[in-house]
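First to last, the protein sequences are chains A and B. Position one of the first sequence corresponds to residue 1 (this note's numbering), numbered consecutively onward. Position one of the second sequence corresponds to residue 1 (this note's numbering), numbered consecutively onward.
If you are wondering where the hints come from, they were derived from the structure by calculation, not from laboratory data. It should be emphasised that the depicted structure is a prediction, and the values quoted were computed from it without experimental measurement. Be careful, since some hints might not be right.
Below, computed lysine to aspartate or glutamate pairings styled on EDC-like, alpha-carbon distance capped at 20 Å [claimed, not checked]:
| no. | chain 1 | residue 1 | chain 2 | residue 2 |
| --- | --- | --- | --- | --- |
| 1 | B | K42 | A | E48 |
| 2 | B | K50 | A | D4 |
| 3 | A | K23 | A | D86 |
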Amino acid sequence: MRVDVVSPESIVWSGEAEFIVAKTVEGEIGILANHEPLMAALATGAVEIVPAEGERLRVGVHGGFLQVFENSVTLLTDRATLVEGDVDAAREVAAALASEEDVDDTRAVADEGE
Amino acid sequence: MASAELRIIRRRIVSVQSTKKITRAMELIAASRILKARDRVKAARPYAEKMAEVVRNVGRASGEVQHPLLEKRDLSKMGILIITSDRGLAGGYNSSVIRLAEQRVADLRTEGVDARLYVVGKKAQGYFSYREYHIERSFLGVTDQPGYGDARAIANTLMEAYASGTIDAVEVFYTEYQSALNQIAAGSPLLPITPPDSDEDEAGDGVAGPAVSYSYEPDPAEILGRLLPRYVEADIFGKLLDSSASEHAARQRAMKAATENADELVKVLTRTANQARQAEITTEISEIVGGAEALSQD
Numbered sequence: 001m002r003v004d005v006v007s008p009e010s011i012v013w014s015g016e017a018e019f020i021v022a023k024t025v026e027g028e029i030g031i032l033a034n035h036e037p038l039m040a041a042l043a044t045g046a047v048e049i050v051p052a053e054g055e056r057l058r059v060g061v062h063g064g065f066l067q068v069f070e071n072s073v074t075l076l077t078d079r080a081t082l083v084e085g086d087v088d089a090a091r092e093v094a095a096a097l098a099s100e101e102d103v104d105d106t107r108a109v110a111d112e113g114e
Numbered sequence: 001m002a003s004a005e006l007r008i009i010r011r012r013i014v015s016v017q018s019t020k021k022i023t024r025a026m027e028l029i030a031a032s033r034i035l036k037a038r039d040r041v042k043a044a045r046p047y048a049e050k051m052a053e054v055v056r057n058v059g060r061a062s063g064e065v066q067h068p069l070l071e072k073r074d075l076s077k078m079g080i081l082i083i084t085s086d087r088g089l090a091g092g093y094n095s096s097v098i099r100l101a102e103q104r105v106a107d108l109r110t111e112g113v114d115a116r117l118y119v120v121g122k123k124a125q126g127y128f129s130y131r132e133y134h135i136e137r138s139f140l141g142v143t144d145q146p147g148y149g150d151a152r153a154i155a156n157t158l159m160e161a162y163a164s165g166t167i168d169a170v171e172v173f174y175t176e177y178q179s180a181l182n183q184i185a186a187g188s189p190l191l192p193i194t195p196p197d198s199d200e201d202e203a204g205d206g207v208a209g210p211a212v213s214y215s216y217e218p219d220p221a222e223i224l225g226r227l228l229p230r231y232v233e234a235d236i237f238g239k240l241l242d243s244s245a246s247e248h249a250a251r252q253r254a255m256k257a258a259t260e261n262a263d264e265l266v267k268v269l270t271r272t273a274n275q276a277r278q279a280e281i282t283t284e285i286s287e288i289v290g291g292a293e294a295l296s297q298d
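This is chain B alone, in the form it adopts within the complex:
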């Protein structure tokens, strides 16, 4: 004949325990995903590094070659690319990158620059459309396991908008994966392309190593024309991978904390339940004793 209070507490314990099973499972899934995501970050690095090296060499060798993607324009419309996840339950992962981007949008607005949003992931889409920001384009279903094709699609959209003059520059907001414990929301310029720093001139004389005189097949302008879009793609791809690894790491941490909280909660609730049970027994005993007393008195 459990009292109402006891029954309610017991029901809560069961519910917390089943939640804990879910968070524990999510923690384990996220942990296995981190490893995969980190491998992908590592595997993509050689290409990105070589690409940077090639762009640097070509840029240096071709000197004053003009290309629309390199040209700095007067800024009146800024494209903002925000990389978030499709699913939540990842602690502060989404909110910190969204906050950073929103701050940037506000800053741009005070400077009189119009921000155009390009979002990756349902979380940013939901956040910004709820607040009635105008979203130019959203890319969904990308962030769990970004492929190079995804990066290409995003890069093409941005470069088209850039070429048509819809936007004058692009900044990308993503989450940098530093370690399993440390991921930092960061912003960096994407377009126009700032050629990778050629500041390997240890002499500091402004001459960045020997200029390589390449022979080109076909001519330098065309090579650069093919190369730069690839560079943008590789840049975005790297950031998608970084963000994906960060997402899984953040989720693992959040779910670990949730699992631990559930344990703690079960402990507290069990104690309360025991107290309630004991109080009930005490009341019952005193009722019986009281009853017997009353009977023996006459």
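Just chain A, same shape as in the assembly:
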């Protein structure tokens, strides 16, 4: 099945995968090929991807959505970073992404109108 992990500013990972584990607001979910159509809200946490070829990947994800549709999985994340390391490392990265968000929100200089 096809997997696309995208964030607003880039494509984080894209390719063929056999299995993917993600953390939604309701708990962990594992998705194999030909999963039924699903729409879920993502929580802050680690996403594991077992690609069709190569090593198992981990992505730290903060917020967003997961869509399964016609054997294609799309993770529309608010923030995501590929992580080198185990699941715990990915979780740490995700937590860091979550705290970054608050900083980011104050970046834009918003003046009250005169």
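Since chain A is already given, all that's left is putting chain B on it; use the hints.
Chain B only, in chain A's frame:
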């Protein structure tokens, strides 16, 4: 013993040449920025496309789901978001989008609709505050390299105002990047959200493909509630990026023209300077010849 005229012209040549160095540098900077800005536009596209696809699917699947951001209200106060740059020297980039927005504000006024301005960039802020428009909020320091956080801040401000009833709808005015040579000021509605056209029904029977029956985690209403704000953010982010790429392209073109004009000006001035110099020499020679003549006559 250069004459006053000659000295003035020479000074102008030097000044034009140093201006040319500046415009040339700005041209080169803008050129490198365009590439970066264009990459960012490209990188943001997959998310925007996927987002549109998801909103379309959810909208279709959930049918009559109600959400405040989708609801059309009677229009009495319109929020206008105008995206301009913080810095000038970009040709007509800022003025064309400002003109378009101002026209829209005037049109709304004749329809009896009050326009509330939300501006991005110092240029729009300066323009509208000078003309004593009331600006609800301005966002500065964004347009050179807009980040997603900036889009989020702008989207939140607008959605809050929309939710509280300060404004009934929002239109956004920005500059669409079509190519390095072509950028067009454009306006488009932002709120309420018009779901992305589900007109992929080639059959034309009003049924837009098969309705997908998703299973939802959590329920559809909550998913939609989370999804729609993201959609607005992504929409604004895309427009900020487009505008930013347009700004750099417009600046590059303006600075290129300025550099060429400077070259032309130096050429003309050099010619005038040479003429002045020659006129001076001629006068001097005729003075000497005249003087010698006068001496030899007695």
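Comparing the hints with the structure gives:
1. Among the hinted pairs, K42 (chain B) with E48 (chain A) is inconsistent with the structure: their alpha-carbon atoms are about 26 Å apart, more than 20 Å.
2. Restraint check for K50 (chain B) and D4 (chain A): the C-alpha separation of about 10 Å stays at or below 20 Å, so the hint holds.
3. Taking the CA atoms of K23 (chain A) and D86 (chain A), the gap is near 15 Å; set against the 20 Å cutoff, the hint holds.
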